[in-house]
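*Asks:* The chain contents come next:
Number of protein chains: 2
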Amino acid sequence: MGGDAGPGMVVAALARSVLRHPAAKFLLHGDEAVLQPLFAKRAKLLERIQLRHSPDQVRMEDKPSLSLRRGRNTSMWRAIEAVKNKEAEVAISAGNTGALMAMSMFQLGVLQGISRPAIAALWPTRRGQSVVLDVGANVTSDAEQLVDFAVMGEAFARAILGLDRPSIGLLNVGSEDVKGHEAVRAAAQILRNTSLPIEFRGFVEGDDIAEGTDDVVVTDGFTGNIALKTAEGTAKLVVGFLRAAMTRSLLGRIGGLFATGALKALRRKLDPRASNGGIFLGLNGIVVKSHGGTDEMGFASALDMAIDMADSGVMTRIIADRAHVEDTVPEAAAS
Amino acid sequence: MGGDAGPGMVVAALARSVLRHPAAKFLLHGDEAVLQPLFAKRAKLLERIQLRHSPDQVRMEDKPSLSLRRGRNTSMWRAIEAVKNKEAEVAISAGNTGALMAMSMFQLGVLQGISRPAIAALWPTRRGQSVVLDVGANVTSDAEQLVDFAVMGEAFARAILGLDRPSIGLLNVGSEDVKGHEAVRAAAQILRNTSLPIEFRGFVEGDDIAEGTDDVVVTDGFTGNIALKTAEGTAKLVVGFLRAAMTRSLLGRIGGLFATGALKALRRKLDPRASNGGIFLGLNGIVVKSHGGTDEMGFASALDMAIDMADSGVMTRIIADRAHVEDTVPEAAAS
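Protein sequences appear in the order of chains D and W.
Position one of the first sequence corresponds to residue 385 (our numbering), numbered consecutively onward.
Position one of the second sequence corresponds to residue 385 (our numbering), numbered consecutively onward.
What the hints contain is simulated information worked out from the structure, not anything from laboratory work.
Wrong hints could be hidden among the right ones.
Any copy, or any two copies together, can satisfy a pair, since identical chains are not distinguished.
Listed below are the simulated DSS-like cross-link pairs for lysine-lysine, each with C-alpha atoms no more than 27 Å apart in a straight line [stated by the list, open to error]:
| no. | residue 1 | residue 2 |
| --- | --- | --- |
| 1 | K409 | K470 |
| 2 | K620 | K648 |
| 3 | K563 | K620 |
| 4 | K409 | K428 |
Construct all of the structure, not just a fragment, from the sequences and the given hints.
*Replies:* This is how it looks when you write it as structure tokens:
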């Protein structure tokens, strides 16, 4: 029921997803009176989908605390509940991020050995894609939490990007050991000293993200959220400047006509729908948040990722890895 | 003596600057044996410049603490000393940022009423330019320091962007009052309650910077530094994607030829040389840091800004404004 485009968009995305994932099954939670008519011309789609009626819905402006107290009859609550009850392996929503995180933490609980969950994002880079986390689950993070994020991001990169040994960088204001505040320096020390065979490469700077210097970039949720939105704003600004430059003169306009295909390729490359969604890591269950402003193509790609996650066993790996790093913390602190 | 391109670049920039600023006088600090030959074909330029010999120089890899202890004979130290001795109104360097800040704080001291200096950057936006600070002087900032930055950024925007009443936004992970950590929320409360006639508009998000939502964007030095470098990296990435898209196909290449002028205009718009340099605010004197990787055009534009700053009386304004906000803090805390 969430997202700017509403349930019609979700149903259209499901129609794509059932074709791509013939083995997947879907539970669709929402107001039956709204959902049923959307299947009027898609009777066959209903063979793959179970409709689950829920009378209420979380609105975009609802506070997380309110949604926890009064949200038990919402489609969002029910979708997460299905993961809790092992009826579903993953929950996905285009709704209110804060409410989705609060309900997920409340119902699913935090993964053993992890202190706080994080939201991971796939970030387009010069070399492909990197995983950046946390992009907004937390507003402050201590060293232990940054280490959690490193372990979770590494397991996620192996599962979703298919990398054997993803490299990890810790976002900082400089690459030297002395740079940054207490939390990043202490986290770096723990990661440097762990015996877990992870590829920790030390500090990276803001411009290293787009460069693709490392496969996993770890930061606190405040900095990560602002970096993500700053990058989105900058990409939009540059494309806007380009459009203005190419319509200002006759030659620019002619050039733009010839280059139409090239410019379309650029737009595809920067299309947020292709790397749509934030992944909630660190919970006893998988929850994926699609962009609120996405369309059926974007939601379908968030569904792809959710299904890949369910198939990957990433959660088991996170628990095992985090327990291993935990063992090495006293060592690191003593050194 | 600093910067990647060395003193030849600085002298070439000075040659441009003397023409633009007929009333300005320049002291050039450095190794005379290196500097003198650079004026072999510029004898006339020497009429406007005083050479000051200094035997040593700060290297890019020197630690700030070391440069403080052993740097008294460096060109950087002497340039700041000239400001301290009122021989110069502003010091400018393309050298080591950390050393420049440490020496500036040590020699000039922090402005009355300000707890920590900040580095401000001019940021290209859809509407023109905004001032963003702190972009790297500090790694953590409490509420009082964020208020300092707001007051300094506002005075700077009036002086350098020529705005009568610049608007101020506080960078956060959401625009609602409840968002963010303790420090940003407390700073917002102080700024909302001050009787100083400043245009504080509350929280802004990362994408608001490029949008130009507010003239001054305030954040801690950790987040600001990472946001700045993330934006630089993203702009480079998008331009790289564009270049690749326009060379991949024949039509793309033809389009690129026609659009050469348009693409050049885009490059000019994104050229970091046009908004080159970080401004150290909050010291008893003006210090400007030019990008280390700049060229004569970029250094000349940093000189323009330095001279504008010296002419503007921005320091006096900061002291007066900060004292005024200080008065209203108890009120804010009580409310």
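*Asks:* All the hints need checking, so say for each whether the structure fits it.
*Replies:* Outcome of the hint check:
For the homomeric pair K409 and K470, the shortest alpha-carbon distance inside one copy (13 Å) is at most 27 Å, but the shortest distance between copies (76 Å) is not. Taking the shortest Cα distances, K620 and K648 sit within 27 Å of each other both inside one copy (14 Å) and across copies (18 Å). Proximity of K563 and K620 under a CA criterion of 27 Å is satisfied inter-copy only: 25 Å between copies versus 31 Å inside one chain copy. For a Cα distance limit of 27 Å, the shortest separation of K409 from K428 inside one copy, 14 Å, qualifies, whereas the shortest one across copies, 81 Å, does not.
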